[in-house]
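*Asks:* Residue numbers (numbering that gives the first Met the number 0), protein chains in the order written: chain A, 0 to 486; chain B, 0 to 220.
Keep in mind that the hints were calculated from the coordinates and are not lab data.
Any given hint could be a false lead.
[Stated by the list, open to error] Partial pick of chain A residues on the chain B-facing surface, computed with a CB cut under 8 Å:
(1) Gly126
(2) Val127
(3) Leu137
(4) Leu141
(5) Ser144
(6) Gly163
(7) Leu170
(8) Ile174
(9) Tyr177
(10) Phe178
(11) Met189
(12) Leu192
(13) Glu205
(14) Gln207
(15) Leu211
Note that beta-carbon positions come from the ideal geometry of N, C-alpha and C, so glycine has one too.
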Amino acid sequence: MELAALLASPLAGALILGLLGARSFAPELNAAFSLATFLAACAVTLTVVAQGPMLLWNDQFFLDPFNVFLVALTAFVGFTTALFSRSYMHVECDQGRLNPGRMRLFHSMYQLLSFTMLLALLANNMGVLWVALEAATLSTVLLVSLYRTAASLESAWKYFILCGVGIALALFGTILLYFAAERLLGAEGMSSLLWTRLNEVKEQLEPQVLALAFVFLLVGYGTKVGLAPLHNWLPDAHAEGPTPISAVLSGLLLNVALYAVIRCKVLVEGSLHSQLPGQMLMGFGLLSALLAAFFLWRQRDIKRLFAYSSIEHMGIATFAFGMGGPIANFAALLHMTVHSLTKSAIFFAVGHAAQKAGTQVMDDIRGLVALSPTVGWGLMLGTIAILGVPPFGVFASEFLILTTAMREQPWAPPILLCALGVAFAAIFSRVQPMVFGEATGKRLAHTPALVPVFVHLAMVLSLGLYIPPYLADWYRQAAVLIGGAGQ
Amino acid sequence: MLSAAFASQLINLCAAVLLLLSFSMLAQRRTVALVNLFTLQGLALAASTLVVAASTGQNHLYYSAALTFALKVLLLPWILHRLIRRLDVQWETEGRLNVSVTMIVGLLVVIFAFGLAEPISALATTVTRSTLGIALGVVLLAFLMMITRSKAVSQVVGFLAMENGLFFAATSATYGMPMLIELGIALDVLVAVLVLGVFFFQIREQFDSLDLQHFESLKEK
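Next comes chain A alone, as it looks inside the complex (with noise of 0.2 Å):
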């Protein structure tokens, strides 16, 4: 019932913006819808909270401790992202880069966009899953080009040519795992895609013909996770899309593409007995995360600076994910959360010091403290929690995953150190003289909507101080089902 409220208000709110998607009040609509959403998914977290993990609907449809939180996190932040919109994008139209035409499929896509990622969260049948990332992707194709000047058309091509052939071959590795399953399993249909009754014959599944699915899965997802060297579309897509999308492909997209990657680990690593699947996220996390850092340095565009930075985060995830093993996954799953709470955040104050300064160049950025001390302190503290200073949270889940590295992978940790390292002077010589530094820009007509930035950022503050018990208990049930080295 709560499943099925969570699925419909993103998708009644894509067909019922895409009509009225124009008019003035539009913006609060779409709020109205993610609160729905929001309201939904709280329902949902609660049932799973007193019954437990749950299948549904013909057991098309699970929720199970893995992805129940990132349910949660992406209905809150889809809310919030619709709060901040509702501001951002007044301004836009104001300023006339935006007509209410280009309004109305802002919003529609935004719902549809909702829509696609938890039916890929939710999807339970890995062609589902497949589908859902697929029609993510479509969506915010037409978002990333809202603008149509010429890089942003430009970026808009690259994002849908790179991921459509990544989830191409992604669409290979699924044929591969029904024709495994199909062969142990016999022709059942649908149900032999299901990941739970997969999960149930892991052991039994064909290693060679896993082995070489995951390369495909691997390689495909892993385009829309941003691992290097298929990272290209990602600081395209976030710098010249608006705002508001920047943060939910950071926050969102990203984390439901590695979540794909990791169900997809779980099964092969099950099958294959053997240490590959952890060491390819391990080999492709590392590599993601030192190319990241060391782009940072040529970054003069603010949204590319904290797209890069992105990058860098998902591969140290994808790297904990790969060492495996109950804490490392502990420490990948709380840097999912944190990331995305922070990274969303982080664009938020982005969104409103670049309208500010009328640029997204930074070198033109100057002074935001003493433009607008909320928008200001909102981006200082947003970096400083996206750098992993004490007490955030991202703190906590670095720490773990490199004292994890250190015991398990004693040579990865000063590869990890030199690429946390590297962006943090990167990132931080950056921000610091756009905060402090002397005022160039002009007031700002609407009051920006900073309550988003602030409320994710005490919760990354709290994480890292305080994990509440049920969501400290669900990262150590999902961290023994995606199992690994440690097991």
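Please build the complex by placing chain B on the supplied structure of chain A, with the hints as guidance.
*Replies:* Here is chain B on its own, set in the frame of chain A:
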């Protein structure tokens, strides 16, 4: 029911035609001709699905053959031709394509695909298992085609040809994915083409051309 030996001959024939069409797409410079080749590929795909359905009695494959025919032979080519006419790019040709080099790379790609698919084919029990290598070859050739093209429409045809290869892989390895998933995939492909149709107009409005060589501004310097 067809006799098994005859059916497997027919399927192999269809697979060979698919691969040949992939190669001719790789070498084709004209966008309009490319769309026509894509239509033929869809036809070969529908025919092979039909033969598999008739020879194995897998009823859902009849539906998926019909779906393929409707989508890939009728609807998508119609949309693409209409787009080409409205965008006025009928006479567009690919300038920088080096056909001979591309073909040699294509050959190597197909050999690689066969090598990759060999152990999987050995495990399969379907009558169509020998064609899995060809399916993967079609996918990788389409991939190669996307890389070598600089015209937006040709890249999209490459994307669709890739989907054809994947569909063929699903039929030859497992007698097709579950129907609901296939419908989902078909819907995604259709939406992708419609979205890109909108996109073509935006690109042309901005760049006065559909040549992606104008896309240079976002490279990391």
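*Asks:* Now look at each hint and say whether the structure bears it out.
*Replies:* Against the structure, the hints come out as follows:
| no. | hint | result |
| --- | --- | --- |
| 1 | Gly126 | 3 Å, holds |
| 2 | Val127 | 7 Å, holds |
| 3 | Leu137 | 5 Å, holds |
| 4 | Leu141 | 6 Å, holds |
| 5 | Ser144 | 6 Å, holds |
| 6 | Gly163 | 6 Å, holds |
| 7 | Leu170 | 5 Å, holds |
| 8 | Ile174 | 5 Å, holds |
| 9 | Tyr177 | 6 Å, holds |
| 10 | Phe178 | 5 Å, holds |
| 11 | Met189 | 5 Å, holds |
| 12 | Leu192 | 7 Å, holds |
| 13 | Glu205 | 6 Å, holds |
| 14 | Gln207 | 5 Å, holds |
| 15 | Leu211 | 7 Å, holds |
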